[in-house]
Structures are given as structure tokens and as C-alpha cells.
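Participant: If you read the sequences in order, they're chains A, B, C and D.
If you count the first sequence from 1, position 162 lands on 162 in the numbering used here, and the numbers rise without skipping.
If you count the second sequence from 1, position 138 lands on 138 in the numbering used here, and the numbers rise without skipping.
If you count the third sequence from 1, position 60 lands on 60 in the numbering used here, and the numbers rise without skipping.
If you count the fourth sequence from 1, position 320 lands on 320 in the numbering used here, and the numbers rise without skipping.
Treat the hints as calculated values from the structure; they're not laboratory data.
Pairs count within a copy or across copies, as identical chains cannot be separated in the list.
Straight-line C-alpha distance at most 25 Å; calculated BS3-like pairs for lysine-lysine:
#1 K67 to K307
#2 K307 to K150
#3 K278 to K67
#4 K307 to K278
#5 K6 to K67
#6 K204 to K150
#7 K67 to K197
Note that the structure is predicted; figures quoted are calculated from it, not measured.
There are 4 protein chains.
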Amino acid sequence: MLVVMKPQATPEEIQAVCEQIQLLGFRAHPMPGAQRTAIGITGNNGAVDQENLEELSGVAEVIRVSKPYKLVSRDVKQEDTVIAFAGTNATIGGRDLAVIAGPCSIESREQAFAVAEQIARTGAQFFRGGAYKPRTSPYAFQGMGEEGLKIMAEIRDVFGLRIVTEALDNESLDLVADYADVVQIGARNMQNFSLLKRAGRARKPVLLKRGMSATLDELLMAAEYVMSEGNYQVILCERGVRTFADHTRNTLDLSIVPAVRRLSHLPIIVDPSHGTGKRNMVLPLARAAAAVGADGLMIEVHHQPDKALSDGAQSLYPEQFVELMDEISLIAAAVHRSLPRGITVAEPTTAWRR
Amino acid sequence: MLVVMKPQATPEEIQAVCEQIQLLGFRAHPMPGAQRTAIGITGNNGAVDQENLEELSGVAEVIRVSKPYKLVSRDVKQEDTVIAFAGTNATIGGRDLAVIAGPCSIESREQAFAVAEQIARTGAQFFRGGAYKPRTSPYAFQGMGEEGLKIMAEIRDVFGLRIVTEALDNESLDLVADYADVVQIGARNMQNFSLLKRAGRARKPVLLKRGMSATLDELLMAAEYVMSEGNYQVILCERGVRTFADHTRNTLDLSIVPAVRRLSHLPIIVDPSHGTGKRNMVLPLARAAAAVGADGLMIEVHHQPDKALSDGAQSLYPEQFVELMDEISLIAAAVHRSLPRGITVAEPTTAWRR
Amino acid sequence: MLVVMKPQATPEEIQAVCEQIQLLGFRAHPMPGAQRTAIGITGNNGAVDQENLEELSGVAEVIRVSKPYKLVSRDVKQEDTVIAFAGTNATIGGRDLAVIAGPCSIESREQAFAVAEQIARTGAQFFRGGAYKPRTSPYAFQGMGEEGLKIMAEIRDVFGLRIVTEALDNESLDLVADYADVVQIGARNMQNFSLLKRAGRARKPVLLKRGMSATLDELLMAAEYVMSEGNYQVILCERGVRTFADHTRNTLDLSIVPAVRRLSHLPIIVDPSHGTGKRNMVLPLARAAAAVGADGLMIEVHHQPDKALSDGAQSLYPEQFVELMDEISLIAAAVHRSLPRGITVAEPTTAWRR
Amino acid sequence: MLVVMKPQATPEEIQAVCEQIQLLGFRAHPMPGAQRTAIGITGNNGAVDQENLEELSGVAEVIRVSKPYKLVSRDVKQEDTVIAFAGTNATIGGRDLAVIAGPCSIESREQAFAVAEQIARTGAQFFRGGAYKPRTSPYAFQGMGEEGLKIMAEIRDVFGLRIVTEALDNESLDLVADYADVVQIGARNMQNFSLLKRAGRARKPVLLKRGMSATLDELLMAAEYVMSEGNYQVILCERGVRTFADHTRNTLDLSIVPAVRRLSHLPIIVDPSHGTGKRNMVLPLARAAAAVGADGLMIEVHHQPDKALSDGAQSLYPEQFVELMDEISLIAAAVHRSLPRGITVAEPTTAWRR
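Extracted from the complex, chain A is given alone in its bound form:
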């Protein structure tokens, strides 16, 4: 159920409608738009008394939503969601393409800073790195934990890069949200509903990766879980799905980008590193992702891929990442978007070498 307010509705009127919804035992989600505000209603198993709400002051109309998702839908919010980061000009979902780059895992301070420096030099604005790693084997490297988070926080201070990193469970989520700028929920946890709800109570944007065999509806419903708890800053991410095809680790499904754009106001980015699993495919598929209309890219970069503790085979060498940024700039221009470039920090090299 959705309450659409009149363009001239006052903040007080919006507030009054929300209170009335809560009085009825439901939850109100005001979503301000450029023209007018819509208020999503959740928590109603059955029908809400529609007429009652329609007569409140400032209400334009009340719409029954037949789709299983509400808050993620363009019906609720027509304008694209743009996620901004305080103290920077970095955004996800706006005209600029967002590039999130870094190693699969944080392995040491030296490794993380060496990669981060290379990334900062290309003008990318986001740094990714795993502190808690979901590994198929219990005997594989599981990440540095909080120590890794601290290294990334230092990278933010030194290079000005915003930090994206994954939370694996409820226990680590709060810690991750403390240190990071974006909390990542991995593909294997896309339907870990308990974790999604907890992420919905975090105060940081959530990057939600598509599950290996998740349908479009399931991806949107997972985002709905986060939003239903009050966190509306969700970024979707295509990272390849599992099929019979054996020339890549996963099959990157770029058609989900226009499909999401049609149904939802949320930004969607593409991860060609996990999406292909092969270094030599990252560049062409990154170009394709930019061309199809993605809002950003997530790219694995390592200064010594052959020595990486995880996913080395799909990590770019730093010089390949520079080439990627150059090529993506051209594609971005062709689709009337831009890729912010330029050294963000004047003298990054000496600051951290102690």
C-alpha cells in the first residue's frame, strides 16, 4: 500500500499521515521525491482501510501495490536513488560512474596500501577489500578481521578513498558499519534474512550482491528486507550467476541492469571480476557493463596477483587497471555519463611509508 501526497503537501501533513499509519499498527516509510512525497506502508498482512487515509489532509491518492516489493519499486519513488558520501563529491547512482577497486582480501598493511595508492592515482573514489572472507573451505584464509578494518580506515584517511567491505554475520556487521563507508552483503548471504534485517538497521549504505542463482524478484525482495527496516541506501550488484557455461567462473548477466532500472529506483553496479573469474575478461566485460548502463563497477586489483591469498587469477595488475579506467572513460562519454578522474590526494606516496 502506498500513499501519494500532493505536491504542495506540508511536512506537517506528511508527518500526520505517518502517525495515522502507525496508529493503525503499521509502519510508515516516507520517500521524498522531486515533485512530491510517497509514503510506503508495510506490516499490513491484510487490507488497510483505504478510504480513511485518502481523506487525510495533503493526500493525493492511495494505491494498492500488487507487486511483492514496495519500497524498492519505482511506483513508490520515481527518481533514481543517488547515494552521496559526506565530505566528498563521490556518489553512486548519479551521473558519475562509481568505480570500487581493491584486493579481494586485506592481507597486510603493506599490501593494502600498495594497492590503494595505485587505485587513488587513477582517480577511482572507492576502495574495496575483505576483512571477513566467506571461503568455501573452513581451512582457507578467513581474513584479518578487525585488524583489516583498521587498515582500511587508515587508507580512507591517507588517500581519501571511501571504503567498501563485507560483513559476514550479525556480530561483525556493527563493527564493519563503524569502520566502513559501505557495508557489503555477499552473494552467499543474499537470502540470509537475519543479516539483511540487521543491515537495515545500520546507518551506512548497503551494497547487496546478487545470489548465484537469484532471480530478479528475489534480488529486489532482498533489498526490500533492508529497506523495510528503515535503511533506504541500498546499492544492487550483479556479479554473475551459475549456469552450465564453463568458459567463465560465473555467467555475467548484464540484462539485469536495464531490468532493474525499469522496476526500481535503486542504483545497480556490476562486478566483472567475480562475474568472469578470469583476468583477461575483466576489461571487455567492464566496458560492456558501462555500456549497458550500470551505475558503477567493482574491480579486483592486486599489486602482486600471483601472490594473492584469494582470487588472484581474476585480479588485475595495477597497469591493467589504469588501462581499464581509460577505456571506461570513453564508454562513459558514449552513454552520456562521466567517470571522475584525477589524483584525489596531493602527495599520497610519502604519507604512509613509515
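Based on these hints, arrange chains B, C and D on the given structure of chain A.
Facilitator: Coordinates of chains B, C and D only, in the frame set by chain A:
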């Protein structure tokens, strides 16, 4: 790495080897077999000094394990794992087929008892029901929580049925382990590694459902996560995988049963209810599962499927479940196994109707 | 469109309705049932004048068929189609399970006879062998061609086995139909519509294998192509579909057996040899296929699998095939069907050894 | 087996090596490259006497090829295969992107010319249209047959467009090859090996569409079938594969483009119309295909999509196709390729309106 003890090795010798392994900074997992004990070593990222261990008293040989899994492997333990339940003759993994039946969700005391009574009458020995439900939509019925667990504990007392129910997160797992006889990890959580580790510290057997697009190796590695924490009572469960085929909700992959049997000592059961999603297919696929060599079946039964709050379309009517038990008895005999039958409780009907 | 005749309709009335349908420019397909005859109408792109037909003598009703398939449907013919073979008691689709066994390819007279003799001894009634082989590589063994067909015809004479073999194109189909008792259309040709039409004009039953990624509807529509040309003797065959799962060559989808049985009167058999691609899985999956309700099995057997020119890894040794027949007998009894057994030819061994 | 000639080898020496290969009972496939000629040997089931060939005049080395494909491989021919069309500057596989556009089916002279005129105006150089249609249902429109071929030949004369159309069977292939400039083999026939061999004997380039569940190796081996018969002008085409994803008709697998480029010298184009099945996705996925490095695009266009006899829902309106050509021009420039534009025929409009 695997230490195989001599058949005549004493408990003291086994203990001494375990202590030596721990002294080296690793974890020892003694796995007693019919002939001799094998000791799995985990926690070793690199090579363990093999010669050192081979010279200890009672050691027959030390084997490097090249497969990614160790404790789940038949190399470590040749005999089938049989899970017994104190105070009953019920087992999972032995000669008897285990039948786990019940509603998708516990909806009320009346509903749960009505279904449980019907199940007990057929001689099935395990009752399933969801108290915490993983639902695609945040607005769908999420289960009764602890109240549902209490109802199931009462069902155990009244009907003598052992209880199987799902834990969704670390928070609920301890509670579930308190009330239930078997803790279920659902398909969507098969690679929720944090939850798997927690389940590995529970004192109850764990029923691990195959993820929707999990390979055989991934399923075995998920079991390895549980076992690596010291809980060796793991039951695997095939419940259908996601494919292009649209005549069923999932495609039931029965070939995984002989594949698991070849590689692992763990029992594997089949869930034809989720595996097909259609009531009229449950019976033929249950027969096929018994014929392929599964150690048991997991079947959704509801006394009023049309009124079920979840998964009604795949739940059997009680009389269909009786027919299923009759047909499975015949198949079990054909594959030289047995299906325990008979009223387990003398007068179950009056005991709970208050 | 479907014309249902009254139970007491005379052959002359049925004939008159067919002639009227042809006068209207369409094609009539009379399908006699136990109670009454239904007449399928094909070739109508738009609507047929329904009232006209309903007033003809002997007509009970005229039904518009909304499903894309007509002649394969149980709406047209309620009774199971049973395919009989003149001069034998062998059937496909009746109470007896049909077992079709033999080598992947006919490699030589000696090889074919050696395998056929073993198969005849078990009481199986059908012999399979490839004379024209669809091979992924143009450089792989492509089959013996007509020479192979002649060897199989001789096997029929010596052992009394009915012959099942594949036709690859329109050119070979007529030749195959001359020599064989059943013409097989392979999985790769399931949507070779030109070949399906040609098979529809053959005077022999057609065994149609499911394509590697064919949906249920596509399989039924492929059978409809054959039937629409007037050949109503079609046997469907599940042989595994392509999925992400890597523990088998294909994923055997046994749920299609009850799905076909619900929608269609055509018999359906299962090929666990191609369905798994692994010798050690053929026996358990054959048991499962019999238990799920398949009308028969197609099994690869070779007297020297290690020397087979194709598909050796999935071919059973003769002694394994004997074991399979024994186990399937037990399962058949459990599902109230029978498996005909016994030496069909008194002294097969000396007859062919010249 | 592959014979690599010295750079300075004379035509006579090359000829002598080919003759020697044929004397040995094999088939020789000389493949001229920019630097030197390689000669593929096919027809050898076992080993060819390597030393014998190495000693012939002009031979640099003899290489055993371990991959299952030979003639499609970059090992045999390093330079990209560029397919040229006499009397035009149109190419497939060179620097220019090839755009093949037109309706799914030729429905009438008026429809075909109306669409062709629109396409010619955009500067696209290839016209596609089906005269023989592979349809899931035997009762659906099966194409106009030779009449459709004649209409397309007339379109070539009037508008200068090269004609691409599908052959369904051996019977129609010769006729199609007579009228068309490129013979298309459809996805359902990708492993119709009899048809592939016949296409290998045609004198026209062959456009080979990837099967719905074909692996990369299977696609290359299908091309090898065509080439092994002596026709080296093969164009590969990605058109989506079948997966669980339900937001598109097929899942377009763009990663196969760089994968093919690495292994093979053959050109590869992309069909986003069949690849998505949805009109609103054709444009973004066409951009992505150009960005990933495809050699061309195949696009369905219809002047009245709502009245199309087949595949209307995925056909672009003419004005959408103009937009697509404009956007693809920008992407082509970004990847350092070009898209030929401009009216190819001075006054196309009056020429055919009679």
C-alpha cells in the same frame, strides 16, 4: 592431513597423538571406525611435519589429503555414520529409512498437534515444523518463534516423535538446539559460514540442506565447516536445484545420493516436497529417492493444505502421506532396507486434546 | 480443436466427420479410445466453424484446445498409448517395463553379437546400437552406417531382440526405418523440425529423446510434430539435462515422468547412462527411474567398455547389467509393474558363431 | 595435426605438401596467413607419420594439436578471418562493425520492402529475414519458403543490402545458398551435424548460432564441422543461453566474445533480440555487445511489430533502430572500430513501389 592408527592402538596412544597435534598448533579430530581410528588434522595452512607424527606409538601411517574436504571423507572414516537418538530406536544413516514429516510452518498448537497425530499414526519417527521461517518477502509470515519451539517440544513428549526444525541465525541457533533433536540449516544458509561454525558447536545433530545452486563439493565443504568445529553428526539433504526446467519449482537431483555415498560417510536424505513444489509429484519422487538409496525422506504434510500459511501447494494431505508410507515400505524392501512402522504411542489422541 | 464422438458412433460416422474436416481444408486425426473416438484437427491457423461440426451425426461435442499441443494431450486420448511389436509380446507403455540395452555404437559384427547375446540372456527385449553417431567432433568415429544397420537386423533374426537405432538426417531416416523396429531421434535433433516431420511419415515407432535444455512443453511439441504428420507411435525419453551440477555429465530430471504422465498419453522411458555419464551411477538411477513410474529404461552395455569407441565410461559390464535386471525386477514389483524375463531364444550362442 | 610452412615457402611447395597429405589418405586444409601458410590435416584417426612430413621442402615444423578443434583455432591461423562480399565494401570480422537487421520472418513483399527501406536508410549493410522458420509448434507459421527467398534477392537488387537467411535442412540449404549471401544455421540446429557438413560444402559464408545450452567448445566444434568440409567462411553468433533467470527469454552471455577471440580467428557477432526477447532491452544490450568487442550485431526490426507473425515482442520499431545505430556509432568509436553509415542506394523509395 590424516593420521591412521593401527587396529590395536590403545586409547592412550590415540590420546597422545591428539595432544601432539595440538602441541603443533593444529586441531585433532579422532574418528573411531570399526577396525581402527583415524585422526583428522585441521588448522594447518601449510604442511605438517609428517615424519614426526609417523614415529609416534600406535600410528600406522600419515596420509596427505589432496581433496579439499577431510572430515566428511570416506578416507577418514570408512563406515557409514549412523546418527542415533537416545531413548528411541530411531536412527538416520543405518539400515532403517528415516522419515521426517510435518507442516512447513508451525501455525498454532492445534494445527501442529493435528498433523503430528496423523504422522505418529503412520509410524514415522521424526516431526518437522518451522518456528523460524526464511521467507522471500519481509512481509510474509515469519514463524511463531520460541512459541513454535515449545509446541514441538510438547509434541515430542506426547507422541514420542523426534523434532527437526530450522535455525536462521546465530541468535536462534542456541534456542533451537535447546528444544529440538535435530537443528536444520536451510538451503539459503548453506554457505552462511558463520552459522555453520555455530552449528558445529551445538550438541545436536545438524541437517544441512543443499543450496539452490550448490555443487557436490560445496555441499561437502559446508558439512566440513560444521565438522571442523567438532560436531560430527551431520545429515545432508537434497532438496532440488535451480535449473531452466519449469514443470517443477526445483529440479530434484537424485544422482547426488550415490555421488555422496561414494565420497562421504555422512547420511543423505531427500526432500521431494521442496524438490518438486507440487503435491502430485511428491509420491513418485519419494519412491525414486528411496530406490536411489537415500537414507531418509523429508515430507511436508498438512491437515488442511489449502489453509497453510506457507507452501500449501506442496503439502500432502494426511491420507496421501499414509499412501506414501505404504509405497515406500515396498521400495525399501526392494533395496534391502526397512521402514519402521507402527503406532509409537499407545493412545496419542486423548493425551493432547484438552 | 477436438471433435469428441459419442460412444456409440459408427465407423461410418467417424469417417464422415473426418471427410468434412478435410473438406474445410484441415487435417483430421482420429484417435480411438476405449470408450469413444476423439478426432484432432490440425492445420487451422484461425478458428474452425464449430457449430457446423457439432451438428454432424455421431458427434458428442467440439472442444477448443487452448494448450499448444493437441495430439499428444490426454484431452485427445485418455488411455495410455501402448506400442506393440508384431510377432512378440514386447510392448512399450503397458504394464511391462521395457528395457532397451546395447552398446553406444555398433563397432563390428563380433562386438555387436557378443553384447546382444549377453542382453538376450537377461530377458531384455530390445537391443540398441548406433549406426549413425552424432559426435561433437567431425574427427571422431561417426558410425558404421548401413553396415551397422545390417548387423542389427541380423541380431533381430538370431536373438529375437527388437532393434532401436538413431537416424541423423532425412537421408538416413528412411534407411533406418527399413532396418529398425524403432527409429530414435537424438537429443541434439529434438528441435530439428524437418527431421521430426520426416519421422512423422515413417511407418515405425519413434523414440524421441529430450533435448539438453528442452522444457516439458518443448518436448511435447516435438512429439506433436511427429504426430501431426500421422505417426502416433511416439515414445518420449528423459536422458538428463544440462545444469551447473558437475558430479554427473547431465542432471537426470526424473520429475518429468509424472509430469508427462499427467499431460500426455505417450509412454516415457529413462536413459540413466547418458543421464549420468558414469557407470557407477547407472544402477541406482535405473532403480529410481523404475520407482518414479517410467515405462522403460535405456541402458548402455558393452562387453569391453574400456575398448569402446564411444561412451565407454558410462557403459555397464555385462555382469552389471544382469545385476541391474535383477534389482529392477524387485522395484517393478513394488510399483505393481512387471519386467519380462527369460531366454527368448533357445540356443542363441551357436547360431551366430560361424 | 598441423603443418607450418616456412615464410618463404612457394605455392608449389605448399601444393606438394597437400598432395603428400592426401596420398597418406588424409585431408589437407591450407590456411594462408599474413606471414606464412599453415596446413591443417584432418581425417586422421590415429597418428600421422610426423617425420615424413617434416622433411618435405618448405616445411618449418609439424605440430600435434591437442585441442579437439583444429581449423577454427588461432594456432592454425593467427590473423582474424575477415569475410568480404564481392561488389560491396561490407565485411564481417574487420575493423567495421557489421549490422544485420530485418524482420524475424518474411511475411509479404510489402512488409519486407517496408522494413528493408528503413534499414537501408540507416546505412546498415545486411538484411535478415526468415523464409524457412523453425517453430516450436507444427501449427505456427512456417515461413514463405522459396517465395521469401525471391523477395530477399529482390531487396538485394533494389537496396544493395546483403542477405542473411536461415536454412533448416539439407533440402533447403542449396536453395538458400543460391539466393542468399550468408547461410544461417539456427541455434536448434547447431549440433545437426548432417546439416553442418552440408553447409561446409556450400559456396557461401555460414552464420552459426550458438545452441541454447552449448558450451564454448561445442560451438567451436560445430564450426569445425563446417570448416572440415572446406568452407572456411564461418561467422559465430551469441544469441543467449538458457538459464534459471526469468527476466529475459534467454541469458545473453557476452563473455563468450573475448573467449572466442582468444581461441579462434573466426568473427563473432551478437544477437540481442533473441538474447533478451524484450524490445526494451535490445538497445542497452546492443551497446554492451559493441563494447565487449563483438564484430557485429544482429537485430530484429519490423515496421509494425504488433502485427508480426513471429517474435513481435522483441522487434524494434524503425525509429528505435535509428537510435540504436546512432548509439552504436558512439560505442564503436570508443572501442576503436567504426560503423559504416550512409544511404547505400540513391533513391530507394520509388524503385520498388509499383
